[in-house]
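Novice: Model the placement of chain B on the given structure of chain A, informed by the hints.
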Amino acid sequence: MAIAEKLASQQKSISVAEFFEKNKHLLGFDSPTRGIITTIKEAIDNSLDACEEAEVLPDIWVSITKLTKETIRIAVEDNGPGIVPDNVPYVFGKLLYGSRFHQIRQSRGQQGIGISAAVLFAQLTTGVPARVISRTGADKPAYLFDLMIRTEKNEPEIIRKEEYNWDRTHGTRIELEFTGSLAAKRRLIDYLKYTAVVNPHARIQADIDGEWHSFERVSDEIIVSPQAIAPHPYGIEFGTLKRMAAISKDNVHEFLITGFSRVGLKSADQMLKIAGIKGTRKAKGLSSEHLKTLLAAMQEVDVPPPPASLCLSPITEEMIVQGLEKEFELDFVKARTRKAQVFSGHPFIVEAAIGYGGKLDQEGQALLLRFANRVPLLYQQGACAVTNAIAGINWRSYNISQQSLPIGPILLLVHVASTNVPFTSESKDAIAAIPEIEKEITLALQDLGRELKNFINKRDRNKLAEDRARAVCSIIPDIATKVAEIVELPPPDISPIEGQIMRRVVAKKKTEDGMVGVSVTNYTRKPIEVMVYSLSEDNQEEAVPKPDFIDVIGSEFNAVWRITIEPESAWKATYPGKGRGTIDIRGVDEKMKVVVDLDGIY
Amino acid sequence: MAYTEKDKVTQERLVSIAADWYGQMAGGQVPSITLPTRTKANIEYDAKTEVWKYGSKGTTRTANSAKSALHILKMAYVVGFLKQQLNESRSSTLREMYYISEGWKRAKFAAQDESNMLVEDLEIVTKLSREAFHLRPEEDGASIYGPLHLREQTKRGNRDIHCQENVGEAGYPIPSNVENIKFLDHDASFIIAMETGGMYARLMENGFDEEHNAILLHLKGQPARSTRRMLKRMNNELGIPVVIFTDGDPWSYRIFASIAYGSIKAAHMSDILVTPAARFIGVQPSDISDYNLPSDTLTEGDTAALKAILTDPRFDTEYWRHQIRLQLEIGLKSEQQAFASRGLDYVTKEYLPTRLSEMGIL
Chain A
1 MAIAEKLASQ
11 QKSISVAEFF
21 EKNKHLLGFD
31 SPTRGIITTI
41 KEAIDNSLDA
51 CEEAEVLPDI
61 WVSITKLTKE
71 TIRIAVEDNG
81 PGIVPDNVPY
91 VFGKLLYGSR
101 FHQIRQSRGQ
111 QGIGISAAVL
121 FAQLTTGVPA
131 RVISRTGADK
141 PAYLFDLMIR
151 TEKNEPEIIR
161 KEEYNWDRTH
171 GTRIELEFTG
181 SLAAKRRLID
191 YLKYTAVVNP
201 HARIQADIDG
211 EWHSFERVSD
221 EIIVSPQAIA
231 PHPYGIEFGT
241 LKRMAAISKD
251 NVHEFLITGF
261 SRVGLKSADQ
271 MLKIAGIKGT
281 RKAKGLSSEH
291 LKTLLAAMQE
301 VDVPPPPASL
311 CLSPITEEMI
321 VQGLEKEFEL
331 DFVKARTRKA
341 QVFSGHPFIV
351 EAAIGYGGKL
361 DQEGQALLLR
371 FANRVPLLYQ
381 QGACAVTNAI
391 AGINWRSYNI
401 SQQSLPIGPI
411 LLLVHVASTN
421 VPFTSESKDA
431 IAAIPEIEKE
441 ITLALQDLGR
451 ELKNFINKRD
461 RNKLAEDRAR
471 AVCSIIPDIA
481 TKVAEIVELP
491 PPDISPIEGQ
501 IMRRVVAKKK
511 TEDGMVGVSV
521 TNYTRKPIEV
531 MVYSLSEDNQ
541 EEAVPKPDFI
551 DVIGSEFNAV
561 WRITIEPESA
571 WKATYPGKGR
581 GTIDIRGVDE
591 KMKVVVDLDG
601 IY
Chain B
1 MAYTEKDKVT
11 QERLVSIAAD
21 WYGQMAGGQV
31 PSITLPTRTK
41 ANIEYDAKTE
51 VWKYGSKGTT
61 RTANSAKSAL
71 HILKMAYVVG
81 FLKQQLNESR
91 SSTLREMYYI
101 SEGWKRAKFA
111 AQDESNMLVE
121 DLEIVTKLSR
131 EAFHLRPEED
141 GASIYGPLHL
151 REQTKRGNRD
161 IHCQENVGEA
171 GYPIPSNVEN
181 IKFLDHDASF
191 IIAMETGGMY
201 ARLMENGFDE
211 EHNAILLHLK
221 GQPARSTRRM
231 LKRMNNELGI
241 PVVIFTDGDP
251 WSYRIFASIA
261 YGSIKAAHMS
271 DILVTPAARF
281 IGVQPSDISD
291 YNLPSDTLTE
301 GDTAALKAIL
311 TDPRFDTEYW
321 RHQIRLQLEI
331 GLKSEQQAFA
341 SRGLDYVTKE
351 YLPTRLSEMG
361 IL
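Residue numbers (the UniProt record's numbering), protein chains in the order written: chain A, 1 to 602; chain B, 1 to 362.
Simulated from the structure, these hints should not be mistaken for laboratory data.
Each hint can be trusted.
Simulated pairs of lysine to any residue, SDA-like, Cα-Cα distance not exceeding 25 Å:
| hint | chain 1 | residue 1 | chain 2 | residue 2 |
| --- | --- | --- | --- | --- |
| 1 | A | LYS509 | B | ASN64 |
| 2 | B | LYS67 | A | TYR523 |
| 3 | B | LYS105 | A | SER495 |
| 4 | B | LYS40 | B | LYS127 |
| 5 | A | LYS509 | B | ALA19 |
| 6 | A | LYS458 | B | SER65 |
| 7 | A | LYS266 | A | GLU254 |
| 8 | B | LYS105 | A | GLU488 |
| 9 | A | LYS591 | B | SER65 |
| 10 | A | LYS510 | B | ALA26 |
| 11 | B | LYS83 | A | LEU489 |
| 12 | B | LYS83 | A | GLU485 |
| 13 | A | LYS509 | B | GLY23 |
| 14 | B | LYS67 | A | ARG503 |
| 15 | A | LYS458 | A | GLU363 |
| 16 | A | LYS463 | B | ASN64 |
| 17 | A | LYS591 | B | ALA26 |
| 18 | A | LYS526 | A | THR564 |
Please read all numbers here as calculations on a predicted model, not as lab measurements.
Bound conformation, chain A alone (with noise of 0.2 Å):
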């Protein structure tokens, strides 16, 4: 037998599941303790996904159980649409099936691979069936699945199909058996936490062995499904127009408009002239030559950036802060949504946060929470755009050290919205390095980082407060003692030095040759209306400025003055007289004021 012939009979097309089953790695789940990570993580995107496009707010319950020394039980169950039985098999039961692939819209899955191919690692590792029970309604009864993966035929294996006796009206539970650890717990417990800081408006329970973690719901808002839209005519693949084109029906001009987002009838015209074809031919009719010249023609037209508010789902600030404030206590924590943007035709947001302070760890590095589609992304950090455009950015300049990441109690956030995020790898766990995103990214931490070095100033400043205060409140009274111990007098009245560095309003009586000085001060940072009340047997009538108000009571005057004072600045009104009776003043807050007469110290 010819080589040729011995290899040809050797020679067969390989299924999809046969391919993973090798390649376990591409999808995530290339050792056991990742595995179980993946696994989660899939069904709970799934969930996610499901409920946002029923709008529902998602309850998610998910349950690890360890069978044996071994073995472990997963199970994610939510509140979602279901799914009518007659998919179950294959949703669950052959990779490549999913509803999602051929939208051009923001989602957290793609391509219907996620959870399958974990079906398929339970089914490697411990041979079990996958158990499905899924319910779309009340009115309908719920499913039992048992399912296996024919993996040369890439197929599913109805093993069991009954109805079930579920208390819930409608949503799905999975349930797959693994060869497994729970060695990276630490690392699931991060992914549900972070999870649930881009999801406020889910509820996420979870019961890992016996250890019960839960993050609450913030939100009750229903996040509107994003809608899919029509490819934009930018960095559209050849393969794809040709499929487009040979199931359209209209002629190539009408193609141009309904076919893409954001082409019409001037834009279509325009690129017909150039491309050199007549808008009246029949799309379908097009020959590859002709495809090629059409495609050249659509990219040299001016065409506005795709309608990213209907396809793309951003957290915005308010929820991702809230989130945030939720699962960690911060000092500070601020968020910037970007403006949509374009990379080859995809329109995508960039979010990112900063949060300072509290209970992140105050030294090594910063903590990078990375979020594609709100899904975080827990492997290849080192790989990421994200944390490339990070470490170009000059942190220094924002008074925080660095090491490559900035170094301190910093947490950073960033999450990239598209329509189809550019990963590095099937298995979603890093961003590739597209000029576009990073630097929408460096501009948005650049905005951050500003306002996070303000807060720290500020904080500063607020130190150096409480350190004067500090010595206000206990040296001076020490060096009052000791001062007056050395001059043989009684110790001085203190306290309008206090109200001097504990930034108070201070009010002062004092008489000197026959003058009496009634004088506030608003050491304050805002301006203070007050009155100034005056009760003394002196003749208030002849003072400058004059009283408001006099009032003789017996032989006593009571003067009344009502003033506003600028911040640092000071009032003062003199009368001839004694210097005897009291003053006070009303409008501030009583731990806010300072009242001395300084005519009874000597």
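Specialist: Relative to the frame of chain A, chain B by itself:
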């Protein structure tokens, strides 16, 4: 020690510092104190007295930070302590005061340095010396040997001493309070002050004092205040010229500067401590090549110190600029005892007589 009129003045000046603070606080002000800035940048030459003193730059310490408030509190405690000590006609050493501060709670000194600095601050503010506060210095004075007859007033009566005839080989040790010395008589044509004990002993053994009518003085490194005061008094009151003989390195030039120009730390005491007429005899950088002395190469620290000297206003003279630049150029330093390489008598028979006649003293 009896309570004297001088003690009364001292006490008044100390109390007036506290009175200032009292006035500030009674008037609603945060207590503060202004002192001259004690750095190289703030020393100025006073043409009248020919010494270097603090300039006009002042630093104000206001008790509105914990650190400054604590500084003023400590100062207040020291003032209180000194006032009491003067009242009781007692005296103490700086070290003793440092230990006494153990009982001052928050105002206690963290280190001896801190109490020294505070006392220097008080000297500046009161324009009095620490001896006036009845604070005795810790360090020993150096010793002298030569044709000088003096009377020392000791706690056990007056002692008449001839510093050549009735002292041992160690010489006469200078007491901490030089004001207690009365000069009776002398037969000296110059004073030679030396950095090292080895050179002091060499000159004594070779009979340099008798041959040239010289008073030998051992500086013991950086000279104590009492040593500098003694030099100043001998030069001022007896009119004896002073020459300084040290190693040929930057640290030794600073010893000379503290004697002849005034030290940066005690610039407020320059009037009574500095001998502007003192002259540097050697080892000069030019001697290293002229006499082909055994030498060491300059370390990085030496080079940095030499460069610092070039920016020191006290050394801003033609002579020093020339010598320092020369030393930086040759990159070498020599000790004063390096002359021994040419025989034990070389320094007393050749080098010093040559230099002294160059300087017009012999």
